[in-house]
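Asker: Listed in order, the protein sequences are those of chains A and B.
Quick note on this note's numbering: the first sequence kicks off at 228 and runs consecutively.
Quick note on this note's numbering: the second sequence kicks off at 450 and runs consecutively.
Rather than coming from a laboratory, the hints here were simulated on the basis of the structure.
Remember, it's a predicted structure, so these values are computed and weren't measured experimentally.
Treat the hints with care, as some may be off.
What the hints assert, rightly or not - Derived DSSO-like pairs: lysine-lysine, alpha-carbon spacing no greater than 27 Å straight-line: (1) A:Lys267 with B:Lys573; (2) B:Lys456 with B:Lys519; (3) B:Lys573 with B:Lys661; (4) A:Lys492 with B:Lys573; (5) B:Lys519 with B:Lys497; (6) B:Lys519 with B:Lys539; (7) A:Lys261 with A:Lys243; (8) A:Lys305 with B:Lys608; (9) B:Lys671 with B:Lys573.
Claimed, not checked - Chain B is nowhere near these chain A residues, computed Cβ spacing over 12 Å in every case: (10) Thr233; (11) Ala238; (12) Ile274; (13) Ala283; (14) Ile294; (15) Asp295; (16) Leu418; (17) Ser435; (18) Gln439; (19) Leu475.
Don't be surprised by glycine CBs; every beta carbon is placed ideally from N, CA and C.
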Amino acid sequence: MAKLYTPAMAALDRKKIKQKGRVKKSSPGREAWKRLRRNKLAIAGMIILIVLILTAIFADVIAPYGIDQQMLRNRLQKPSFTSGHLMGTDDFGRDVFSRVVYGARISLPIGLICVFLAFALGGTLGAIAAFYGGRIDNVIMRFMDIFQSIPPMLMAIAIAASLGNGVLNLVLAISISTMPARSRIVRASILTVKRNDYIESARAIGASSRRQLLKYMLPNAIGPILTSFTFSVATAILTVSSLSYIGLGISPPTPEWGCMLSASKELIRTAPYTLLFPGLMIMITVLALNLFGDGLRDALDPRLK
Amino acid sequence: MLNYIAKRLLWMIPVVFGVICIVFILSAITPGDPVDAIVGFDAPPEVKEAMREQMGFNDPIYVQFFNYFKGIVTEGDLGTSYVSGEPVVKELMRRFPTTLTLTIASVLVAIIVAIPLGLISAVKRYSWIDNASMAVALFGVSVPQFWFGLMSLLIFSVKLGWLPASGTSNFGGWVLPVAMIGIGNAGNFARITRSSMLEVIRQDYVRTARSKGQKEIVITLKHCLRNALIPIVANIGNMIGISMGGAVVAESVFSVPGVGRFMLDAINQRDWPAVQGGIVLLALSFSVIMLVMDLLYTAIDPRLKAEFKSKLKINARKRKVQEA
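Construct all of the structure, not just a fragment, from the sequences and the given hints.
Answerer: Structural data, given as structure tokens:
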């Protein structure tokens with residue numbers, strides 16, 4: 228039965244807190260945030276990520292030219308502040324800066340979606356394996372073992388090649404190929420909390436399996452999962468760009484960064500600057516994710532610090 | 450121990466079956482008629498039909514799978530390339546040594562560079578050396594490999610002309626591809642080495658060694674590093690897998706005639722048996738490498754050996770008790 232808690236009681240509580248001065252509630256999340264805030268590198272990573280997300284949202288406003296706007300008279304301009312082409316133009320006379328800005332709209336969401344899907348598929352299987360254990364665990368994990376005997380990049384290439392080009396196929400290729408690794412992470416983190424007393428007490432009061440798993444195990448096992456999520460997004464972005472570079476996945480004229488590099492690779496002798504900026508953007512994004520991930524790991528697992 | 454080895458060897462059977470199964474399913478869901486890739490899109494229908502019959506595409510899917518599986522297992526036959534008309538195995542074997550060399554060399558280089566880097570970082574924690582090498586390692590794991598390849602190509606072969614831009618006919622040609630695949634691994638290894646060293650340094654046995662006046666160098670190399678290497682050795686198999694994927698991309702960047710490049714060309718030409726063959730070959734060789742790594746791992750980890758020995762002793766004691 229829920230405890231009675233009326234608005235009047237809430238007001239009284241608020242008054243009490245006011246009298247004592249501001250008393251902040253402490254929770255594992257809040258403690259982790261405190262530790263994370265002290266980590267300058269992690270905060271730097273977070274700021275870069277926020278800037279990138281804002282860039283993606285406001286790409287229309289930031290980019291001076293359209294993604295496909297060809298200025299044939301201004302082909303292969305060198306980067307300069309004065310000409311209005313901050314990162315130069317490519318062989319079609321398209322402004323590289325504008326395309327790089329729009330590229331943020333593609334790489335970030337695709338990376339996120341790939342990892343979400345991989346965790347949704349693999350994580351569910353991993354959680355089930357860890358929760359039920361025994362034969363179910365054995366069957367699921369052996370299945371994953373077989374899956375993992377094809378290196379993930381090769382698996383992604385195979386899937387992308389058989390499904391054909393396109394964003395959706397690329398997402399499928401990456402999520403399926405990374406699924407076994409994600410299932411392992413979720414399984415391992417659930418296993419570490421599974422034997423705790425509070426799980427037993429939840430079972431004792433008759434919590435259903437689903438409730439035990441979602442309400443008691445997952446929140447307590449979320450640390451390593453969150454950390455690995457961040458790193459996985461970084462890897463996924465790298466994989467997306469590599470696949471687009473070798474011609475599987477996203478095809479030109481989409482301003483995906485790897486795809487832009489692929490389209491400009493013939494210009495390496497004549498206009499190498501067209502190769503510089505898209506790659507730099509991938510690196511900055513991945514770097515920011517890694518910095519943030521490192522900070523998150525240290526904050527969530529202070530034992531390692 | 451023998452029990453484990455036997456189990457591990459037997460496990461190869463479902464792995465081989467699974468790999469072939471996955472690759473076959475992927476080919477089966479590929480849209481488009483494979484006959485188009487062989488005789489051309491606008492060939493007359495009767496020619497297409499004859500080809501379809503000849504290639505066995507009219508058979509039920511499980512018969513096709515059985516034939517493909519039987520071909521691989523009994524004769525090592527991966528089918529015939531649609532484009533060149535040669536057996537895929539022959540084409541692959543010509544290129545496989547290149548890809549394998551590239552993969553192994555990049556992992557070795559990564560280990561040789563990364564372990565000292567991670568070791569020094571952990572020992573001189575928070576010093577400038579630590580900060581610098583961890584910055585390099587972070588760069589290594591964050592830089593897109595193919596872009597690093599392109600940039601090094603730009604600097605070392607286009608601008609400076611020190612190294613060839615493509616091919617592996619001489620030693621110089623290997624440097625850039627190996628560096629490109631190795632950089633990510635090196636960064637990863639250095640980070641793993643550092644964190645596992647830091648974990649080991651705090652252990653009681655290290656403090657004991659220090660308190661009895663052991664030399665610092667012996668403590669670092671013998672007490673710490675040997676234990677800290679375990680997660681690294683456990684990770685080498687994974688790294689080889691990642692490097693194999695990296696090799697495919699590197700072969701494309703540097704026009705190295707290996708299995709990866711062959712596969713990518715085959716994908717563009719819709720030469721599916723060649724793609725299938727390449728993936729089966731790489732995946733199976735990866736499985737064999739993993740098998741060897743696992744066996745080596747059990748052989749070198751003294752803890753596993755000790756566990757095994759103590760089990761033996763317990764069994765022997767039980768037997769004695771029973772006899773008495």
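Asker: Would you mind marking each hint as holding or not holding in the structure?
Answerer: The hints, checked one at a time:
With a C-alpha separation of about 21 Å, the suggested pair Lys267 (chain A) and Lys573 (chain B) falls inside the 27 Å cut-off, and the hint holds. Of the pairs offered as hints, the one joining Lys456 (chain B) and Lys519 (chain B) holds, with about 24 Å between alpha carbons and a cut-off of 27 Å not exceeded. Between Lys573 (chain B) and Lys661 (chain B), the direct Cα distance comes to roughly 22 Å. Compliance with the 27 Å bound is thereby established for this hinted pair. At roughly 41 Å between alpha-carbon atoms, Lys492 (chain A) and Lys573 (chain B) are farther apart than 27 Å, so this suggested pair is violated.
Only pairs whose Cα atoms come within 27 Å are accepted, and Lys519 (chain B) paired with Lys497 (chain B) is accepted, the gap being roughly 26 Å. As the CA atoms of Lys519 (chain B) and Lys539 (chain B) are separated by approximately 18 Å, the hinted pair is consistent with the 27 Å bound. Restraint check for Lys261 (chain A) and Lys243 (chain A): the C-alpha separation of about 25 Å stays at or below 27 Å, so the hint holds. Distance check on the hinted pair: Lys305 (chain A) and Lys608 (chain B) sit about 17 Å apart at the alpha-carbon level, within 27 Å; holds.
For the hint linking Lys671 (chain B) to Lys573 (chain B), the alpha-carbon distance of about 17 Å falls within 27 Å, and the restraint holds. Look at Thr233 (chain A): its CB is around 51 Å from the nearest CB on chain B, clear of 12 Å, so calling it non-interface holds up. No Cβ of chain B approaches the Cβ of Ala238 (chain A) within 12 Å, the least distance being about 50 Å, so the stated non-interface status holds. Residue-level check passed: Ile274 (chain A) sits 16 Å from the nearest beta carbon of chain B, beyond 12 Å.
Its beta-carbon lying about 18 Å from the closest one in chain B, Ala283 (chain A) satisfies the requirement of being farther than 12 Å from that chain. Residue-level check passed: Ile294 (chain A) sits 20 Å from the nearest beta carbon of chain B, beyond 12 Å. Listed as outside the interface, Asp295 (chain A) is consistent with that label: its C-beta sits roughly 23 Å from the nearest C-beta of chain B, beyond the 12 Å cut-off. A cut-off of 12 Å between C-beta atoms confirms that Leu418 (chain A) is not in contact with chain B; the least separation is 18 Å.
Listed as outside the interface, Ser435 (chain A) is consistent with that label: its C-beta sits roughly 34 Å from the nearest C-beta of chain B, beyond the 12 Å cut-off. Its beta-carbon lying about 31 Å from the closest one in chain B, Gln439 (chain A) satisfies the requirement of being farther than 12 Å from that chain. For Leu475 (chain A), the shortest C-beta to C-beta distance to chain B comes to about 7 Å, within the 12 Å cut-off, and the non-interface label is violated.
Hints 4, 19, counting from the list given before, are not met by this structure.
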